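Start from the sequences, fold in the hints, and give me the full structure.
Sequences listed follow chains A and B, in order. Note that UniProt numbering has the first sequence beginning at 1, numbered continuously upward. Note that UniProt numbering has the second sequence beginning at 1, numbered continuously upward.
You may find that some hints are simply not true.
Derived list of chain B stretches under chain A, where covered just means 3 residues or more per stretch with a C-beta under 8 Å from a C-beta of chain A [what the hints assert, rightly or not]:
1) 21–32
2) 174–182
3) 291–302
4) 320–329
5) 346–354
Calculated from the structure, these hints are not laboratory results. As the structure is a prediction and not an experimental result, all values here were calculated from the model. We put the beta carbon where it would ideally sit given N, CA and C, even for glycine.
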Amino acid sequence: MNTPEDVIQRLDAVDYLADDGLAMAVYLALRLGKPLLLEGEPGVGKTAAAKALAQALDTPFIRLQCYEGLTAGEALYEWNYQRQLLHIRLAEARGLSVDDGDLFTTSFLQERPILRAVRHDGPTPPVLLIDEIDRADDEFEALLFEFLGEAAVTIPELGTFAATRPPVVILTSNRSRDLHDALRRRCLYHWIEFPTPAQAAAIVRRAVPGATAPLIRSATEFIGTVRGLDLDKAPGLAETIDWVSALAALGVTELASTDVIRTLGTIAKTPDDRALIADTPVTTPRARRDQP
Amino acid sequence: MLLRGIDRAAFAVAFAARLRRAGMAAGITETGDLVSALEASPPTSRTALYWTARVSLVRKHDDLAVFDRIFATVFDDTPPLPLSRKAIPPKPRDDSVNVAVPGTGDETTVSGLPWATLPPAVAADEDADDDGLNLPELRPSTLAALADRPFEDLDAAQTEALGEALRQALTHWPRRRGRRHRPDRTGRRVALRPTIARARRTGWEAITVVRERPVPRPRRVVMLCDVSESMRAQAAAYLQLMRAFTTVADAEVFAFATGLTRLTVPLRHTSPREAIDQASEAVDDRFGGTRIAANIATLLDSHHGNTVRGGVVIISSDGWDTDPPERMSAAMARLSRRAYRVLWLNPRAGAAGFAPKVGGMAAALPFCDLLLPAATFTDLTTAARCLADLT
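Written as structure tokens, this is what we have:
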């Protein structure tokens, strides 16, 4: 990927439509070898961007889902204690002596996502997605600094593993917690805006090839109207894609109010929202033509 | 090709300096990134330059408005649009404060001695009222008497002193079971790593088994404070309570009247007076009408809505709401489903013969776990104690 335009084309080839901003962010992250922090509303395509990037670069995709209490043992590496104990017993039975050098070798090391990304041995560096970093706690953020800054992981018993080709790191956040400035400093940042109805229609067309053009247009316009309502959970792009897939699966070619009611579960996720969305009138292309 | 033949470093440094002056945190790392980014992708258009600069310099969503404004000022020929209140960034910290050093100024060297002398200690008492920096020392008993007085009868200095006392009294905090473990003799789970490390001393025979147990974590407290006209007398004291929360532990605090304002960041300031001033400045709809239900819904819909999950929510209001009671019921139901406990502090609840008859209050009550009076600082301290017992 040599220019931002190239990034757009390569992502387009794997059915991910990136805008200028995201393309520039991805391009700079690749060129400068820095992690990229993506923020945006839920369902705007943050995780999908990382997946598409791995597909476009044709490299392995490694994912680390964050949660509270995530430790080095689950994110970086862990020793295989059971094997170590067995090794000790075996040496004992054979009358051999055991020292540190025998027990703490890479054969007893269990790689977790981050170490796997660092030690990846292939022609191209892998894409590592650290998903929903805001769900992890401060302690985990601090644990990431060495990796994000130097693309290295230090294991006290073994030494430092540095990546020969630094992995492409994408972090996503839903802003449920303020991330530490030290983490933000180490990453490039991009805020993904919610796509305009025209962009959304283009994205849905790619994601659901079976849907007809009028259906996609009226569905994305309907979602645009619905997002303006006072909803508990406004439907994002992911919901729109689910919905259009559902409509296409039902063989709907032009949107009608009854279709909305039938497939409400894909866009309304709370009882209050069900009622509000069900009451929203559908504007079909025909209805629009009838208007003066 | 834009910016042909210019010194990239000089450009990046100057642009970052401009952003910093506007209140954005663009440091050396960000500037260095911009230089590398300009090299990696020489801008061919204004849009390309915009994205290059934005991706490498901006690290926070909040900074986007400032960045866009400064970028437009620098690269547009048109003058910038009139600014809304929200777009104005906080003032940058001014480090060039002139401190008068006693004995060096011309007017203080009355004796003409070639050395500096400390100012007489008596003088401090006399000008204490002028600069307003020194609080009169209050004896604990005086403070205790003041704490029982209603908020209306307290002046600013007393409120501040009581706020400080409240902050120091907040030693207990509601806790929950965390997901991290720590070695502990009473724990149930075997901690393998320290056990193996210990076994090394005994010829790799695991003689001492190290156990671990979950570390309790402070539960998050989210406080929503009513700063409308009907709560004018209480607002100052509640700001002190919110400041105590933000400085002591994990808390998110918001003020509301017609709109919702997040005060967590301004109130975290180390100087109490500065914190309260910044917070008061941030709230621009003070002493207006109240829309409790709408504001609770706004909080739940925003990206701060997830902070409520599993936390203790404190709402301090008298319950006068301009929204209809049904809306209040709906909002409170959503809130109580998401939060661990909901507490309501009502300044009138302590009065004799109080009954929650106001529409909003009556609608909210079924969803509150506790309704506490909050008319004096003693009440607030009691409320803070109740909080600790919630675990």
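For each hint, the structure was consulted:
1. 21–32: The restraint on the region 21–32 of chain B holds, since 4 of its residues have a Cβ under 8 Å from chain A and three suffice.
2. 174–182: As far as the region 174–182 of chain B goes, the hint holds, because 3 residues have Cβ atoms under 8 Å from chain A.
3. 291–302: Held - the region 291–302 of chain B has 3 residues with a Cβ nearer than 8 Å to chain A, which meets the minimum of three.
4. 320–329: Since 0 is below three, the answer is violated.
5. 346–354: violated (count 0)
Checked against the numbered hints listed earlier, the structure breaks hints 4 and 5; every other hint is satisfied.
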